[in-house]
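Undergrad: Sequence:
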Amino acid sequence: MRNVFIFNPGPSVLPEPVLESTSKAVLNFAGTGMSVMEVSHRSKQFDALLVETVDLLRKVMEIPDNYKILFLQGGASLQFAMIPINLLHAGKVADYVDTGYFATRAIKEAKLVGTVNVAASTKDVNYTRLPAASELKLTKDAAYCHITSNNTIYGTQWQTFPDTGDVPLVADMSSDIMSRKIDVSKFGIVYAGAQKNMGPAGVTCVIIREDLVGKAPENTPTMLNYKPHVENNSCYNTCPVSAIFVVHEVLTWLADMGGIAEMEKINNAKAKLIYDILDSSSFYKAPVDKGSRSKMNIPFKLPSEELDNEFVAAASKKGLIGLKGHRAVGGIRASMYNALPMEGVRILADFMKEFEKSKS
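According to the working numbering, the stretch in the sequence shown is residues 1 to 360, in order.
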């Protein structure tokens, strides 16, 4: 049993049962006598694992049959480039919604490939809210529209996704995938670095509608083209075997917990505990508009930077790890992904009350 609770923004906490099953597989994977870090990606044991992992994810997220599931490398950052390389062709425009740091990185990569329309931005309010539907200046026949579903640094999260009609909606869901139910059929591509809600760093999940595969220009380097990865079931090159194993274990754990619907209830309850304190306090300040608040990443500030630092240090002594805010915004940030237990959030809530009382 751990004696710390991890609020790191990513790589983030993993469920204890996953750590336990992974530790066993590190010594002996599937009865092979080999470590999961040693087994071949061409072995029948890994092939069975990969098939089961894809099937589990399809079931857990209710992914339609006309979507392909890939496990790639390079993180979400590589997808910032792969998506426009595959979909943003000459004469076309891609819409991007600028809601923070990772959205701007995606925009930067897309601009290296083709024409980008920034359909909306909330930079002028330091990304403390998401744009309203009426603010989106979408291109009628855009190649796609890209959003970041949850913004880890600024603590905003789309509650209702934009309606883009026939234009494929592409979403970076690195920090909130599987935290709530979504209708995958509303998206052309959903992608996520695994290291927040799916598993460890080193593997990236891409869920792509079949009609969007095979659209890359002929001169696209093979590794940047979705088609070879689809044709080879994520094994065009040596895939991250051990990371995919951990994803499999996380999916198994999530299913055992009651699936995404149950996890969404837990996440709502965890977030409510902290937001209720923030909303009733004159000591803590929550910068994000209520309609844009994230349930995964909750930023807040104390009256001074000195108190911020004192809070982080005192929390760490209580076993509450990783609460320091991102350098771009400062303050405190509580990242509360699926695997963070309710007990840890309750202890944080109690600590926040005690700390405020000690300073009043």
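Hints may contain errors.
[Unchecked claim] Pair ranges (Cβ atoms, derived):
1. P11 to E343: 37 to 47 Å
2. R327 to T220: 32 to 42 Å
3. D289 to E210: 31 to 41 Å
4. N3 to T160: 35 to 45 Å
5. C235 to D183: 23 to 33 Å
Source of the hints: derived by calculation from the structure; they are not laboratory data.
The structure displayed is predicted, hence computed values, not measured ones.
Just so it is clear, CB atoms sit at the ideal spot from N, CA and C, and this is done for glycine as well.
Undergrad: Starting from the hint list further up, note which numbers the structure goes against and sort them upward.
TA: Those not satisfied come down to hint 1.
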